[in-house]
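Asks: Listed here are the chains, written in short residue letters.
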Amino acid sequence: MKKIIVMFALLVGFSAFSFNVKDSISAFTFQRLAMMEDFDCDACGCSASGGSMGFGSMLNNNFVGLRYLKQSYTSRDGIFANSPWIDENFNTIQVWARIPVTEKIQISALVPYHINERKLTAGTEDISGLGDITVMALYTVFETKKDSTFFTHKINLGGGVKIPTGKFTEANNLGSVNQSFQLGTGSWDFPLISEYVIKHKNLGLNTTMNYIFKTENSKNYQYGDQFNYAGTFFYLFDLKSVQIVPQAGLAGELYQTNKQHNLDLPNTAGDILFGKFGIEAGKDKFSIGINAMLPINQNLSNGNMEANYRWSVNLNYTL
Amino acid sequence: MKNTLYKALAIVAISITLGSCSSDDSSNDVSGKGKIILEFDNAYGTNDLILNTQPNKTSNNEILKISMVKYIVSNVVLTKADGTTFTYPKSKSYFIADEASAEGREFELSDVPAGDYVKVKFGIGVDEEQWKLGASGQGDLLAQADDAEMFWSWAAGYKFLAFEGTFTSPTVTTATSFMVHTGKTGTDYNYTEVTLDLPTKALVRTTITPEVHLITDVSKIIDGTNKIKLSDNNAGGMGAMIMGGANLPLITQNVSGMFRVDHVHND
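For the protein sequence lines, the chains are A and B, in the order given.
Take the working numbering: the last position of the first sequence gets the number 379, and nothing is skipped along the way.
Take the working numbering: the last position of the second sequence gets the number 336, and nothing is skipped along the way.
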């Protein structure tokens with residue numbers, strides 16, 4: 061934990077020294093979308109806030125955006141073979157912004173609002189409210205400068221903090237249903253991020269990995285650490301007035317076991333692999349994107365939970 | 070632009086300060102007394118038990134529709150991680166589990182010394198020592214058992230387990246009632262004890278009441294280590310009544326193996 065804080069402090073330190081902000085005028089960013097999904101939605105980790113960070117845009121521009129995300133799950137309400145399966149729908153509306161601080165450092169912030177429901181046997185339960193706000197900084201470690209090379213490369217590393225602004229309600233985790241029916245983890249969590257982009261002309265591959273350290277919350281509940289990875293191919297069609305970027309790839313999530321009073325909670329670990337595809341279109345200062353994720357393989361909560369699909373739509377405005 | 074940046078930095082600074090504080094875990098204070106709940110959740114095999122309507126099949130191809138499951142839980146002993154034990158006071162240590170009522174599913178033990186418990190032991194039935202105290206020594210137990218129809222007569226004693234319903238089988242094609250009642254017989258006392266490890270420590274604290282979620286697989290009563298066919302006990306087609314004889318020790322042995330702890334909630 062200390063290492064993360066130190067590293068993060070360094071990043072912040074860097075940025076504090078360089079205020080000569082250069083506002084890029086690039087029309088809009090594509091690669092944000094490529095990065096969004098894997099950071100986003102947590103099946104087990106409940107920070108369903110995690111959020112579309114878009115920290116890895118290859119164009120250093122500023123923007124604010126609005127995004128709607130829908131996640132559908134089916135969970136077993138009970139511990140028996142004949143326990144009923146119930147539907148869970150997680151809706152998230154989020155505002156996010158990205159600010160380049162220097163040529164190499166960018167800061168992202170994400171503010172989610174959740175509207176979640178689950179159709180328990182005893183009746184439908186709803187929760188809604190502000191989720192966990194995430195602030196992150198990303199540092200460009202390496203970037204191919206010349207356009208003449210066959211491939212261009214870019215490597216970004218970063219870290220951040222997820223602030224427990226979303227309400228964690230202990231009672232929602234009673235019983236043996238999905239332990240992620242919450243607005244937030246209730247804990248201070250710390251993501252570490254890495255991103256690698258390789259491009260040849262208009263075709264590119266974006267690879268991201270991130271690890272989220274989660275801490276114990278005030279109710280002595282601790283969500284398991286989470287590892288996300290994704291690889292996304294994208295292609296830029298530049299039609300002068302309009303730009304269109306189709307993209308497709310794979311995204312996976314691994315969850316460690318949750319703990320309560322430092323004791324492992326059974327059936328809370330899991331993993332899932334998604335196929336993802338989407339398209340983004342941009343014109344002038346606006347861009348609009350649609351994205352979907354469908355599970356290929358999953359083992360969540362020891363088979364007591366299934367992700368059905370996720371989709372999102374977003375609108376961004378370049379500042 | 071700069072404003073936004075300052076705000077972002079401020080948030081980061083604050084979060085580092087707060088995030089690095091160690092949180093106080095309420096489980097660190099191991100003093101005083103608390104409570105613990107033993108939840109008895111009846112199942113048939115891997116399915117939750119549903120009374121009256123759900124057909125349940127035995128390995129002898131008999132189909133049971135179960136209308137009643139009751140048993141007396143007694144003499145609870147909890148073992149801490151360090152090996153020391155806490156014996157729940159005998160006068161409070163009898164509980165009648167009953168699938169048909171909410172009160173019959175959760176046995177709440179109070180005034181339990183705070184500690185990390187790793188094992189639970191309990192009896193099924195009323196121990197012989199208690200019975201030998203005579204009718205005057207039974208306290209509330211006698212009246213409670215009588216109300217629950219878990220008592221025959223003073224001479225015949227308590228029913229330790231009552232398992233009733235109807236069944237059909239390849240040879241008994243119309244639904245026929247069955248009753249399995251265990252208790253003492255002339256030759257066997259038939260009280261049995263069960264010791265179970267907890268998969269997660271139960272943290273009894275003044276602020277934490279752990280709930281030990283036990284699953285009682287009632288299929289084991291006649292279809293456990295010992296297999297007993299109801300059809301063989303259906304004398305004259307009047308229903309299978311197993312309340313004594315050589316089958317009771319076999320059923321008692323089955324009963325001692327029908328419990329497991331699924332999980333523990335430390336809420």
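Do not take every clue at face value.
[Claimed, not checked] Once the Cα atoms are required to be at most 35 angstroms apart in a straight line, the calculated DSBU-like pairs of lysine-lysine come out as:
hint: 1; chain 1: A; residue 1: Lys-279; chain 2: B; residue 2: Lys-270
hint: 2; chain 1: A; residue 1: Lys-227; chain 2: B; residue 2: Lys-270
hint: 3; chain 1: A; residue 1: Lys-279; chain 2: B; residue 2: Lys-161
hint: 4; chain 1: A; residue 1: Lys-319; chain 2: B; residue 2: Lys-296
hint: 5; chain 1: B; residue 1: Lys-134; chain 2: A; residue 2: Lys-319
hint: 6; chain 1: B; residue 1: Lys-149; chain 2: A; residue 2: Lys-179
hint: 7; chain 1: B; residue 1: Lys-104; chain 2: A; residue 2: Lys-279
hint: 8; chain 1: A; residue 1: Lys-179; chain 2: A; residue 2: Lys-279
hint: 9; chain 1: B; residue 1: Lys-190; chain 2: A; residue 2: Lys-279
hint: 10; chain 1: B; residue 1: Lys-104; chain 2: B; residue 2: Lys-188
hint: 11; chain 1: A; residue 1: Lys-164; chain 2: B; residue 2: Lys-102
hint: 12; chain 1: A; residue 1: Lys-343; chain 2: B; residue 2: Lys-188
hint: 13; chain 1: B; residue 1: Lys-190; chain 2: A; residue 2: Lys-319
hint: 14; chain 1: B; residue 1: Lys-149; chain 2: B; residue 2: Lys-161
hint: 15; chain 1: B; residue 1: Lys-201; chain 2: B; residue 2: Lys-126
hint: 16; chain 1: B; residue 1: Lys-298; chain 2: A; residue 2: Lys-227
hint: 17; chain 1: A; residue 1: Lys-279; chain 2: B; residue 2: Lys-134
hint: 18; chain 1: A; residue 1: Lys-179; chain 2: B; residue 2: Lys-270
hint: 19; chain 1: A; residue 1: Lys-319; chain 2: B; residue 2: Lys-270
hint: 20; chain 1: A; residue 1: Lys-179; chain 2: B; residue 2: Lys-134
hint: 21; chain 1: B; residue 1: Lys-102; chain 2: A; residue 2: Lys-279
hint: 22; chain 1: B; residue 1: Lys-104; chain 2: A; residue 2: Lys-319
Source of the hints: derived by calculation from the structure; they are not laboratory data.
Asks: Indicate, hint by hint, whether the structure satisfies it.
Replies: Now for the hints, and whether the structure bears them out:
Using a Cα cut-off of 35 angstroms, the hinted pair Lys-279(A) and Lys-270(B) holds, with the two alpha carbons roughly 17 angstroms apart. For the proposed pair Lys-227(A) and Lys-270(B), the alpha carbon gap of about 27 angstroms is at most 35 angstroms, so the pair holds. For the hint pairing Lys-279(A) with Lys-161(B), the CA-to-CA distance comes to about 32 angstroms; that is within 35 angstroms, so the pair holds. A hinted pair counts as satisfied when its Cα atoms are at most 35 angstroms apart, and Lys-319(A) with Lys-296(B) does not qualify at roughly 41 angstroms.
Among the hinted pairs, Lys-134(B) with Lys-319(A) is inconsistent with the structure: their alpha-carbon atoms are about 40 angstroms apart, more than 35 angstroms. A C-alpha spacing of about 39 angstroms is found between Lys-149(B) and Lys-179(A), which places the hinted pair above 35 angstroms, so the restraint is violated. The suggested pairing of Lys-104(B) with Lys-279(A) holds, with an alpha-carbon distance near 19 angstroms, which does not exceed 35 angstroms. Distance hint between Lys-179(A) and Lys-279(A) is fulfilled; the C-alpha atoms sit about 25 angstroms from each other, no more than 35 angstroms.
About 30 angstroms separates the Cα atoms of Lys-190(B) and Lys-279(A), which keeps this hinted pair within 35 angstroms; it holds. With a C-alpha separation of about 15 angstroms, the suggested pair Lys-104(B) and Lys-188(B) falls inside the 35 angstroms cut-off, and the hint holds. Between Lys-164(A) and Lys-102(B) the CA atoms are separated by roughly 58 angstroms; this puts the pair beyond 35 angstroms, and the hint is violated. A C-alpha spacing of about 66 angstroms is found between Lys-343(A) and Lys-188(B), which places the hinted pair above 35 angstroms, so the restraint is violated.
Proposed proximity of Lys-190(B) and Lys-319(A) is supported: the alpha carbons are some 26 angstroms apart, at most 35 angstroms. Proximity of Lys-149(B) to Lys-161(B) is assessed by CA-CA distance (about 20 angstroms); at most 35 angstroms being required, the pair is judged to hold. Taken as a hint, the Lys-201(B) and Lys-126(B) pair is broken in the structure, with Cα atoms around 39 angstroms apart against an allowance of 35 angstroms. A threshold of 35 angstroms between alpha carbons decides the hint, and for Lys-298(B) with Lys-227(A) the separation of about 55 angstroms lies outside it, so the pair is violated.
Proposed proximity of Lys-279(A) and Lys-134(B) is contradicted: the alpha carbons are some 43 angstroms apart, above 35 angstroms. A hinted pair counts as satisfied when its Cα atoms are at most 35 angstroms apart, and Lys-179(A) with Lys-270(B) qualifies at roughly 31 angstroms. Using a Cα cut-off of 35 angstroms, the hinted pair Lys-319(A) and Lys-270(B) holds, with the two alpha carbons roughly 12 angstroms apart. A hinted pair counts as satisfied when its Cα atoms are at most 35 angstroms apart, and Lys-179(A) with Lys-134(B) qualifies at roughly 29 angstroms.
This hinted pair checks out: Lys-102(B) and Lys-279(A) have alpha carbons roughly 20 angstroms apart, not beyond 35 angstroms. A hinted pair counts as satisfied when its Cα atoms are at most 35 angstroms apart, and Lys-104(B) with Lys-319(A) qualifies at roughly 21 angstroms.
Of the hints listed earlier, those the structure fails to meet are numbers 4, 5, 6, 11, 12, 15, 16 and 17, in rising order.
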